[in-house]
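Novice: Okay, here's what each chain looks like letter by letter:
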Amino acid sequence: MSTTVSSSRPGNPQPGNAGKDAAAATVSAKPVGWKTPVFLAAFALIALVFFGLLAPNQTASFGISTGSDFFQLPAIQVNAFAGGLVLSILLLGLAAYAIYLKTRGKPAPGWLTVAFIVLFVAAFLIWVVGGARTPSISLAGLIAGSVTLAVPLVFGSLSGVLCERVGVVNIAIEGQLLGGAFTAAIVASMTQNPFIGLLAAAVAGAAVSMVLALFSIKYLVNQIIVGVVLNVLVSGVTGFLFSTVMQANKAQFNSPPGLDIIEIPVLSSIPVIGPILFRQSLVGYLMYIAVLVVWVGLFKTRWGLRVRAVGEHPQAADTLGINVNATRFWNVTLGGAVAGIGGSFFTLVAIDSFTKEISGGRGFIALAALIFGRWNPIGAFFAALLFGFADNLQSIVTIIGTPVPSQFMAMLPYLVTVLAVAGLVGKSRGPAASGIPYVKG
Amino acid sequence: MSEKHPPQHAGGEPAGRAQQPTPAAEETAALVSVDTAGGAMEPSAVPATAQSGQLPGGPDTLLRKIFTGSGMVSVLAVLLALIIGGLLIASTDKQVATTATYLFARPTDFLAAVWNAATRSYIALFQGSVFNPRGNGVAAQFAPFMETLTIATPLITAGLGVALAFRAGLFNIGAQGQIIVAGILAAWVGFALDLPMGLHLLLVLVAGIIGGAFWGGLVGVLKARTGAHEVILTIMFNYIALYFLRYLLNTPAFQRPGESNPISPILDPTAVYPQIFGSQYRLHLGFLLAIAATVLVWWLLNRSTVGFEFRAVGANPKAAQTAGINVSRSTILVMALAGGLAGMSGVAQVAGTEKVLTDGVAATYGFDAITVALLGRSTPWGTFAAGLLFGAFRAGAVQMQIQTGTPIDIVLVVQSLIVLFIAAPPLVRAIFGLNPRRRKPARPAKSREAATTGGAA
Amino acid sequence: MVRVLKLELRGITKRFGTLLANDHIDVVVEPGQIHCLLGENGAGKSTLMNVLYGLYEPSEGDILVDGRPVSFRGPGDAMEAGIGMVHQHFMLVPVFTVAENVALGAEPTKAAGFLNLDETRRRIKEISDQYGFDVDPDALVEDLPVGVQQRVEIIKALVRNAKVLILDEPTAVLTPQETDELLDIMRQLKSGGTSIVFISHKLREVKAVSDTITVIRRGKVVGTADPAASTTELASMMVGRAVSLTLDKAPAQPKEKTFEVRNLTVIAPNGQHVVDGLSFDIARGEILAVAGVQGNGQTELTEAILGLQDRVHGSILLDGQELLGRSVKEVLNAGVGFVPEDRSVDGLIGTFSIAENLILDRYDQAPFAKGISMSPARVLENAKSRIEEFDVRTPSGALAAGTLSGGNQQKVVMARELSRPLRLFIASQPTRGVDVGSIEFLHKRIVAERDQGTPVMIISTELDEVMELADRIAVLYKGKLVGVVQAGTSRDVLGLMMAGIPPEEHVQAGKAADTTSTSTSDAEGGDHV
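So the protein lines, in turn, are chains A, B and C. Each residue of the first sequence is one higher than the one before, counting from 0 in numbering that gives the first Met the number 0. Each residue of the second sequence is one higher than the one before, counting from 0 in numbering that gives the first Met the number 0. Each residue of the third sequence is one higher than the one before, counting from 0 in numbering that gives the first Met the number 0.
Mixed in with the good hints there might be a few duds.
One side of the interface only, derived from the structure: several residues of chain A facing chain B at Cβ under 8 Å [claimed, not checked]: (1) 242; (2) 244; (3) 248; (4) 370; (5) 394; (6) 397; (7) 398; (8) 399; (9) 403; (10) 407; (11) 421.
Bear in mind the hints are in silico, worked out from the structure with no lab data behind them. Glycine included, each C-beta is placed from N, C-alpha and C at the ideal position.
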């Protein structure tokens with residue numbers, strides 16, 4: 000987007016009309032494409048055929064309460080056929096509404112897409128569970144598990160938000176997570192203190208980020224190249240040290256004490272919500288805090304305004320006395336620290352030791368969550384949650400035995416991302432200067 | 000619009016600028032801005048200097064200078080990476096740890112231990128990849144080199160795929176997935192069909208190339224039609240391909256009968272590459288095909304209209320479009336060709352070295368291909384050479400692990416460091432004290448515009 | 000309370016590598032003055048101002064504020080010292096609101112770094128009211144017209160208490176009427192005690208508003224001039240030799256009309272009709288110039304002809320053949336030569352060699368290619384002769400095109416397009432950012448093409464260029480054709496047309512119409528130089 004608007008549309012009117020023209024431009028500035036309505040319609044039809052018409056006539060049961068809740072709610076029983084049919088008709092309705100809006104020249108509102116995704120997931124869930132050998136799952140467990148699996152994704156995508164908002168593409172999230180996981184494990188093992196491990200993870204993530212920042216900002220190396228190469232580098236270094244150091248003396252170097260789950264009394268016993276919000280590890284609580292802090296910081300504070308200006312139009316920021324490259328450097332570093340904390344989740348919360356490639360490509364899913372969440376911390380959080388959900392569902396369907404092969408469930412986050420970048424997110428634009436090095440003068 | 004490029008206008012003799020020895024930072028920055036077509040698009044993955052075709056003749060002092068300069072930097076970058084890798088090896092070495100305890104008493108012991116640890120590993124690496132003097136007879140002595148060529152084969156072809164896409168301005172991270180899909184098709188043709196000698200192998204090769212081309216081309220289509228970023232698409236496609244392969248290996252059509260592990264039947268003898276120097280070496284026909292592919296890609300890029308289109312789209316898609324080049328078609332075509340090249344790697348795996356299909360068919364060749372292409376600066380012969388080098392690392396690392404216990408992962412470290420250093424010549428020059436003279440950071444000509452209008456793409 | 004400020008530049012020298020952009024420049028800006036820096040494109044004016052604004056560090060020389068030497072490490076220091084700058088390319092974040100843009104860098108905050116934009120809104124309203132700017136602090140900048148964006152830039156400087164305001168080519172994007180308003184604002188600012196450094200190469204504006212004129216040529220101050228000096232005098236000072244302000248061209252000999260546009264409408268992705276029902280035609284041997292302020296559909300018009308636009312209705316006929324719906328390649332092969340408005344983005348590939356750029360749209364045709372195989376030797380051969388013919392200053396055709404100066408780059412584009420038989424020639428902003436020597440050359444080539452009997456269409460936002468080249472002038476406003484008038488129509492009429500007022504509403508319109516009167520009757524003469 001040219002900053003001078005020289006390339007923009009006609010409308011360089013008499014000064015007197017300025018206000019009016021501005022208003023007119025506001026309405027017409029957002030392009031309304033057919034892509035979203037068409038996508039929605041296609042998916043509604045898929046839902047109708049598979050989750051509705053072809054659904055098994057079996058009752059799916061979704062448990063809501065767990066044993067520790069202070070009051071018990073009955074499980075939801077849904078006939079897969081009827082439930083699928085109702086939901087898919089609702090989906091068709093939403094798609095029709097989007098098409099109607101399109102014919103009126105209006106874009107589909109944000110809530111519509113969100114509602115569509117929620118309903119689609121629900122229909123899918125009913126279909127999967129309804130077709131299973133044991134058509135019963137704990138919904139509460141499913142959601143709580145999703146949140147747990149989403150923790151590193153959320154930290155990773157926040158790292159992406161912090162970097163991209165300031166104009167640096169961060170493909171190295173995977174490396175930051177992996178570096179964080181490794182460092183947390185080794186430092187926590189050596190000090191026998193998980194908190195120091197957590198801190199060390201942040202430092203390690205920041206260190207990876209500093210390399211990214213140094214090469215992309217100072218040496219103007221293509222940011223994607225640095226990111227890709229850094230992932231390999233971190234994988235190599237951690238793999239090397241794992242084989243030489245950790246395996247040689249597992250007790251000393253790879254037996255980190257874990258971070259305990261902290262239950263907040265009473266609140267944690269609320270059905271569904273309790274385990275999600277009030278029965279988390281320290282890293283889990285930090286996740287919620289981080290999402291909020293980053294969001295508030297980016298959109299409500301001086302720091303955020305400057306960060307976004309640097310990511311959108313670095314030269315404008317420079318002419319106002321903001322040090323573009325320093326801002327970039329420190330934000331990228333901060334992003335790395337955040338991702339590093341996310342990495343510690345693997346070794347301090349999820350599993351009690353480090354193994355090679357423990358992050359398993361989640362850095363890339365975090366990248367996808369960032370785009371799916373439109374470079375917004377809250378959006379990225381929910382996108383990460385969705386991917387965590389898919390991840391969790393994969394293991395659950397293997398247990399309850401559904402007709403869907405687990406490999407396809409594992410594929411889901413990636414498929415969803417492809418659809419998202421190709422269609423649903425469509426023209427959504429990231430920060431204008433992202434990926435472009437800033438050279439003064 | 001008066002003074003977009005102040006320095007260029009002001010001097011009156013702008014062409015003279017190119018021949019002046021410019022400070023490194025300025026050089027890089029200027030190239031970045033040239034790379035971005037005045038900021039109209041994202042910076043290209045390819046060094047600007049490699050984007051123009053190779054024209055014979057002409058007093059090409061600038062290009063020659065840069066290439067000789069970068070040749071030096073490449074050598075130093077490799078050296079530097081090996082040094083750092085050596086230090087990493089030494090840091091975990093027992094002898095080094097022991098001597099470190101009395102470092103101040105006898106520092107020479109410590110230094111000797113460091114030197115020994117690193118060189119022992121590298122000597123093993125060399126013996127495992129080029130020449131093993133302890134081999135039993137000449138054939139055995141050269142066996143490591145044959146192994147290097149064998150491992151280099153898929154690296155070269157996949158690297159060419161990545162490099163070709165780079166030249167068209169596309170970041171193909173998807174060689175991994177393309178190898179997998181190619182492997183699936185090639186393997187299936189290889190074990191499921193019953194065909195005569197020659198034809199069978201040909202069909203295996205064609206199936207693999209088509210598989211890779213399809214998987215790559217699909218990304219091209221999505222990119223061209225929807226504008227989705229190819230980096231995200233290819234990353235996702237890698238995982239989709241992998242899970243699809245895992246699924247297939249659990250189906251009767253692919254799983255070896257009577258086997259509970261996810262592994263396919265062995266390919267028919269008619270479907271595998273013949274070994275070039277007989278059965279004593281694993282080196283197979285695929286290597287010759289890789290050489291042929293390198294020649295072909297060189298010709299395509301530098302001597303064909305298709306390559307001209309690719310390069311034009313890569314360097315400045317808007318200008319290419321204005322000049323009548325169909326950018327969408329180029330995007331799809333180049334991704335399909337890149338996929339096809341990666342597909343050759345898939346074939347080399349299933350019909351050359353492995354002879355079966357497992358979910359490890361692509362190993363890490365697809366990702367290594369990226370570093371190979373980067374090290375090769377996206378030129379065909381550069382990629383070929385980089386493929387050989389990384390093939391040597393891979394082959395030698397196995398021997399190194401056996402002989403000295405140094406984990407193979409050190410290869411990843413050295414590989415990635417090489418690419419990082421090569422991408423940042425000023426850093427390498429600074430480390431080796433080669434920066435001619437210190438100057439104030441210069442403000443190059445067009446970068447300002449680049450930043451201003453950044454992100455128009 | 001009004002603090003006035005005297006600004007002195009002493010011996011400012013700025014080198015880029017070995018290039019001397021500014022060579023010992025001395026300028027004194029007296030308090031409460033409008034001081035004009037006059038110089039042609041690339042003379043080093045903007046570089047000088049970027050030095051003054053702290054964006055560049057001078058290689059030598061001093062900046063003095065009220066007699067005291069200062070050193071600016073960045074724009075922050077310059078702003079601190081009371082210097083504000085409105086860049087030629089606005090430094091506004093498009094996705095921010097006006098208030099956010101104004102606040103940026105000097106944000107009023109509440110506790111803990113939280114933004115307090117109310118304070119900024121209040122200040123914007125205050126300044127807006129004082130100067131009659133009519134700017135809504137909560138509008139998104141990307142939705143604002145260019146003229147309003149410029150005011151936002153001025154507000155940005157005023158909020159920071161700028162005592163010296165640098166305006167870098169501020170009128171380039173404005174209609175003549177908007178320009179007049181800007182000149183009024185400048186006078187108003189001056190009377191309020193703000194000094195203004197006005198950078199321009201447009202003689203009339205400079206004469207209208209300046210108190211002092213410093214002329215810069217090739218990075219050096221060549222002297223100061225009185226605003227009362229004649230246009231010719233100023234022009235020759237600026238260029239360094241006597242310049243003929245009018246192009247020496249024979250009267251047009253229009254033949255049959257071979258290019259026709261009928262009811263052409265182009266719809267932008269946002270549904271707006273950016274070109275709206277255009278109909279016009281061009282005869283062989285005639286130059287039709289399309290005038291209008293930037294962004295009134297010119298870009299889309301040329302793109303539609305070339306086949307670069309998707310949603311186009313109507314008809315474009317060349318020699319009776321429909322061009323609409325054809326691919327770019329087909330249109331080019333039909334004999335359309337096209338010089339795009341932004342050569343570095345659309346016209347050239349900076350990293351490609353000059354030779355390759357010279358065949359950018361013919362790489363797949365004989366003699367450069369046979370099948371899909373190309374002949375590099377032929378490509379170089381072609382480059383040699385084109386470089387010679389068009390006087391492109393370069394040691395070799397194998398050098399990257401990005402290393403050429405703007406004028407030479409434009410010659411490369413022009414050479415490429417004019418070196419094949421054409422049925423139609425379209426040149427968009429043919430001399431933008433080009434030095435005077437090249438301008439004369441390029442103009443002559445365009446007229447020569449006309450004289451060979453090719454219909455020529457020129458798109459230019461520079462009224463002077465339009466008046467100089469055109470045999471007929473079409474004026475676009477908001478995608479619509481305001482009218483087509485004969486060459487020699489007065490500047491005032493054209494200016495009003497560019498603001499959307501049709502010629503029938505002026506008394507003068509039509510009177511000056513005479514197909515053959517091409518020697519520009521405009522008394523003030525082409526001050527485009």
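Novice: Compare the structure with the hints numbered earlier in the document and write down the numbers of the violated ones, lowest to highest.
Specialist: 3, 5, 6, 7, 8, 9
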